[in-house]
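Asker: First to last, the sequence lines map onto chains A and B. Counted from 1, the first sequence has number 474 at position 474 by our numbering; the numbering is strictly sequential. Counted from 1, the second sequence has number 7 at position 7 by our numbering; the numbering is strictly sequential.
Think of the hints as simulated: they come from the structure by calculation, not from any bench. Predicted model, so just to flag it, every value in this text is computed and none were measured. Warning: the hint list may mix true and false statements.
[Stated by the list, open to error] When the alpha-carbon atoms are kept at most 27 Å apart in a straight line, the in silico DSS-like pairs for lysine-lysine are as follows: (1) B:Lys96 with A:Lys19; (2) B:Lys76 with A:Lys57; (3) B:Lys18 with B:Lys67.
[What the hints assert, rightly or not] Computed Cβ-Cβ distance ranges for the label pairs, DEER-style: (4) A:Tyr37 with B:Gln39: 22 to 30 Å; (5) A:Arg12 with B:Gln39: 33 to 41 Å; (6) B:Gln39 with A:Leu48: 21 to 29 Å; (7) B:Gln107 with A:Lys19: 45 to 53 Å; (8) A:Gln35 with B:Gln107: 50 to 58 Å; (9) B:Gln39 with A:Arg47: 50 to 58 Å; (10) B:Gln107 with A:Ala34: 39 to 47 Å; (11) B:Gln39 with A:Gln35: 16 to 24 Å; (12) B:Gln39 with A:Leu447: 57 to 65 Å; (13) A:Ala34 with B:Gln39: 19 to 27 Å.
By construction, the Cβ of each residue, glycine as well, lies at the ideal position given by its N, Cα and C atoms.
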Amino acid sequence: MSRWRHLWFRSRSEQQLEKELEFHLALHVDELIAQGYDPAEAQRLARLDLGGPEQVKEACRDSRGTRWLEDFVLDVRYAVRALRRQPGFSTVALLTLALGIGAATVMFTIVNGVLLKPLSYPEADRLVSLHEQTEFSTRFGNQWAFAYPNFLDVQRASRSLEMAAWRFSGGTFGSRGDAEYVSARQISAGLFSVLRLPPALGREFLPKEDTRGAAPAVILGQGFWRRRFAADPAVLGTSILFEGKPHTVVSIAPVGFRLDDEAVDVFTPLGQNTEPVMALRKAHPGINVVARLRPGATLEQSRAELSLLGSQLARQYPDSNTARSFVAAPLKPQVDDVRSTLWLLLGAAGLLLLIACANVASLLLVRAVARERELAMRVALGAGRARLIRQCLTESAVLGLAGGLSGLFLAAFGVRPFLYFWPGIMPRIEEIRLDWRVALAAVGVSLACGFLFGLMPALRAPARGLDRTLRAGGRTLAGASRRVHGGFVIVQLALAVVLLVSAGMLGRTLLRLSALDPGLNINNVLVTRMALSPSAVTEPGKMRSNWRDVLDRARQVPGVEAVSLVDTVPMREGNNQVGYSTVPGVIAPNDQNVALATSVTPEYLKVMGIALRQGRFFTDQDQLGGAPVVVIDEVLAQRAFPRQQAVGQHLWMPDLSDSALLVVGVVSHVRHWGPAVDDQASVRAQFYYPFAQVPDRFVRRWSELMSVAVRTSRSPLSVVEPLTNAVRGTTGDQVLYEIRTMEQLATSMLARQRFLLFLFGLFAGLALLLACIGIYGVMAYLTGRRVPEFGVRIAMGATAADLLRLVLKQGLAMIAAGVLLGLAAAWGAVRLLQHLVDGVQRTEPLTLLAMTGLLVAAALLATYVPARRASRIDPVGALRQD
Amino acid sequence: MPPKSDLPQGTLDLLILKTVAMGPVHGYAIGQRLQQVSQDVVQVPQGSMYPALHRLETRGYLAADWKLTDTGREAKFYRLTRKGRAQLETEAESWKRLAEAVGLILQVPEGAAE
Numbered sequence: 001m002s003r004w005r006h007l008w009f010r011s012r013s014e015q016q017l018e019k020e021l022e023f024h025l026a027l028h029v030d031e032l033i034a035q036g037y038d039p040a041e042a043q044r045l046a047r048l049d050l051g052g053p054e055q056v057k058e059a060c061r062d063s064r065g066t067r068w069l070e071d072f073v074l075d076v077r078y079a080v081r082a083l084r085r086q087p088g089f090s091t092v093a094l095l096t097l098a099l100g101i102g103a104a105t106v107m108f109t110i111v112n113g114v115l116l117k118p119l120s121y122p123e124a125d126r127l128v129s130l131h132e133q134t135e136f137s138t139r140f141g142n143q144w145a146f147a148y149p150n151f152l153d154v155q156r157a158s159r160s161l162e163m164a165a166w167r168f169s170g171g172t173f174g175s176r177g178d179a180e181y182v183s184a185r186q187i188s189a190g191l192f193s194v195l196r197l198p199p200a201l202g203r204e205f206l207p208k209e210d211t212r213g214a215a216p217a218v219i220l221g222q223g224f225w226r227r228r229f230a231a232d233p234a235v236l237g238t239s240i241l242f243e244g245k246p247h248t249v250v251s252i253a254p255v256g257f258r259l260d261d262e263a264v265d266v267f268t269p270l271g272q273n274t275e276p277v278m279a280l281r282k283a284h285p286g287i288n289v290v291a292r293l294r295p296g297a298t299l300e301q302s303r304a305e306l307s308l309l310g311s312q313l314a315r316q317y318p319d320s321n322t323a324r325s326f327v328a329a330p331l332k333p334q335v336d337d338v339r340s341t342l343w344l345l346l347g348a349a350g351l352l353l354l355i356a357c358a359n360v361a362s363l364l365l366v367r368a369v370a371r372e373r374e375l376a377m378r379v380a381l382g383a384g385r386a387r388l389i390r391q392c393l394t395e396s397a398v399l400g401l402a403g404g405l406s407g408l409f410l411a412a413f414g415v416r417p418f419l420y421f422w423p424g425i426m427p428r429i430e431e432i433r434l435d436w437r438v439a440l441a442a443v444g445v446s447l448a449c450g451f452l453f454g455l456m457p458a459l460r461a462p463a464r465g466l467d468r469t470l471r472a473g474g475r476t477l478a479g480a481s482r483r484v485h486g487g488f489v490i491v492q493l494a495l496a497v498v499l500l501v502s503a504g505m506l507g508r509t510l511l512r513l514s515a516l517d518p519g520l521n522i523n524n525v526l527v528t529r530m531a532l533s534p535s536a537v538t539e540p541g542k543m544r545s546n547w548r549d550v551l552d553r554a555r556q557v558p559g560v561e562a563v564s565l566v567d568t569v570p571m572r573e574g575n576n577q578v579g580y581s582t583v584p585g586v587i588a589p590n591d592q593n594v595a596l597a598t599s600v601t602p603e604y605l606k607v608m609g610i611a612l613r614q615g616r617f618f619t620d621q622d623q624l625g626g627a628p629v630v631v632i633d634e635v636l637a638q639r640a641f642p643r644q645q646a647v648g649q650h651l652w653m654p655d656l657s658d659s660a661l662l663v664v665g666v667v668s669h670v671r672h673w674g675p676a677v678d679d680q681a682s683v684r685a686q687f688y689y690p691f692a693q694v695p696d697r698f699v700r701r702w703s704e705l706m707s708v709a710v711r712t713s714r715s716p717l718s719v720v721e722p723l724t725n726a727v728r729g730t731t732g733d734q735v736l737y738e739i740r741t742m743e744q745l746a747t748s749m750l751a752r753q754r755f756l757l758f759l760f761g762l763f764a765g766l767a768l769l770l771a772c773i774g775i776y777g778v779m780a781y782l783t784g785r786r787v788p789e790f791g792v793r794i795a796m797g798a799t800a801a802d803l804l805r806l807v808l809k810q811g812l813a814m815i816a817a818g819v820l821l822g823l824a825a826a827w828g829a830v831r832l833l834q835h836l837v838d839g840v841q842r843t844e845p846l847t848l849l850a851m852t853g854l855l856v857a858a859a860l861l862a863t864y865v866p867a868r869r870a871s872r873i874d875p876v877g878a879l880r881q882d
Numbered sequence: 001m002p003p004k005s006d007l008p009q010g011t012l013d014l015l016i017l018k019t020v021a022m023g024p025v026h027g028y029a030i031g032q033r034l035q036q037v038s039q040d041v042v043q044v045p046q047g048s049m050y051p052a053l054h055r056l057e058t059r060g061y062l063a064a065d066w067k068l069t070d071t072g073r074e075a076k077f078y079r080l081t082r083k084g085r086a087q088l089e090t091e092a093e094s095w096k097r098l099a100e101a102v103g104l105i106l107q108v109p110e111g112a113a114e
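Given these sequences and hints, build the entire structure.
Answerer: The following block contains the structure:
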């Protein structure tokens, strides 16, 4: 405390020290005069007795223990002065560092927000997510959503958990004319209180509202409330039209509230869902369950309780709940699909930062050698070795910190564009911001960088061979220094090779994947989801006739060639796995006989441009009541009926139909998961079945899933408007939403690879640039130091070409070492890419060759310039320099 | 004049604390008093007095105020803090024990160890 006070009030304590010593001298002089000395002599003796006021002051300062701090302040000032004296050097070093730290900080900001930050609910560590576990789910390594009746039973019985649930939904808001499809969730009464997020206005659903037959109520999402109601609080208590029915608005959701990483428009009570499937414990539409540990309860207790409840329910409902258990796990953000991409990019940015550090280090080293004489002089004058090292480290730390702050500044502007270009949806995007953790990390990294690149020059500083340095007038060049310089250049080149080869591999991958045949014709196809009129979603007959009506109307739209319904659109989310068997009987599920099921209408092949290999596709004659039929793809044909004619065979699919399904046709395989992933997808086999043969009890559910797919003769987006108008229906409230072209979907499948390629390419380009600056700087410096030597060589008869060769050879040695080291590291990097990015193949020699060739060419160019200058020196001038 | 004696390590701090314990006093007077009380045996070099005072002040054993002296000059008067008094007691105690121990050793007649 008092140390800091001393430092703070340094000038004041200096004054007081002066005054104290003056007082002492005055008394002493008085006494000496009293003893008979004349005043001048008394003054002299008093000073002598004290031992010199300056020395005493110095000793006092030392004894106060603020010495190191005072020195530090001096060092910093000196460092800033030194950096300002060399604006060229400082600018290059600062820019390099700002770039390196800026890129790394942007990446870290995102990694921090998305992957590292805890969930933003109050006491988030008490929240758990609940899942059902079955033998089947365990085998596939995934977890099952809850059945609603199971949720109600567990919720009622649990003493350790406060539970809530929600389910994905959506629907039409408003009526004829301004009908709009909105995203929605059905939520249970306690959801907001379990999450400890009170609604922004109003109250959450009451338990009595969360039951069948209660008066319809809604909670509006923040964004929706602002967009459709101009954030008017008076909307509370009024009635709005949702799914064709009036609902009372009871509240507005909390600010920033998201479910499944989506800002939802409308929330309705889960308990008001009357679909019969909701009452099933088996083959149910799952719901998501979140719970909070009650005060005092531990995760272990809740797990024990859940397993107890699980076995009770298994005894009570042996049909559905045998071997079904409930598991709790701490609630985690769902970020798995971006995790590897983000870490990869952070790694690449880290490599770039290392290159930047190596660059600045070699610049500093050049400067340190140039300053050798100054430092040697200071050693000769009595400066301690530790003191000089500290001085040098302070300088590089100041530089690092300045670079870090500039980098932080750059990053503040870089995060938004990065997110703008990010392919797809970034989870937890609202968590991404430059906060104290990022700032701390950036400052920490920049200080670490400062020390990293300052260490070598600093250790050199306490002039080895002091006398020699002083005699040589700062023109000596020890072999060690040349090796250190070379080392930095080699490291830079090696790191640049890693980034270049990685970028090259990503580029190759993208080219290869783009060239793959997707199995369908993506040109001129429009796919859009559609919400049937709420008044139609009541009974199967109405829904079926509405769909027929939609297809007929769509076909009339000018430019439309063919139109079909489809539930799982290729290359869009959606995944309906069905187990099959070639013999009657129950099938044991395993990954060998699972296929991707797609329900379509007869024109589907024509719309998607899928090739028919054998047999026929569906016709309007394939109706409910007729023989159930399927069309399978080549992969399924190969698996189920190897070396046999597939058409005419039968398949059994208990999930789909109780009777045998007749295979009527074989079509080409579609890369459903996109070009990159399809080969590795665990479910590759596909089959199609007619939407017309879906049993009545499933029609409502299928209707929610159906998309309209349209092949057009002109640009697909140009038919969007007429199509929207055409399918609006007699009640005018049928709406299209999520309108995409197949081309867009196909492009988005490669978006991740493209984005990675873009950033790796950018980083690799910067790395190449920095490495070239590095090798140029070092070669220019090294040849500059050898000018007198070259003078002698010329005088002895060496030609310009000889000198050129001499210098180039030196550069080439460094380049070769860097490239070799880099190739070894790049091999590891490509293995990592292969592991983390879909579609990346083993290292291809051609890519390696091309990328290293690029680097070698650039590096040679950077070497050539100083080499050429060296070969043209004037020998007389050069000799005079010595 | 009796021969001067070098102070053992650390003794200066103890002597200063003891001197200041008698009442607020400025640096010059401390030196004077040490010399008088020890009958000129202890003579602290003036140059090492002040660093010691500042060290003790930094450690919180001493506090200082600026006051006017009888002659109307402004001087820095040191006084003992509570922490300083405790320190003085511990140090005096351990000094006493050490002195007694050294005395005991010196009393042993030569050759007694054989």
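Asker: Which earlier hints turn out false for this structure, listed by number in ascending order?
Answerer: 1, 8, 9
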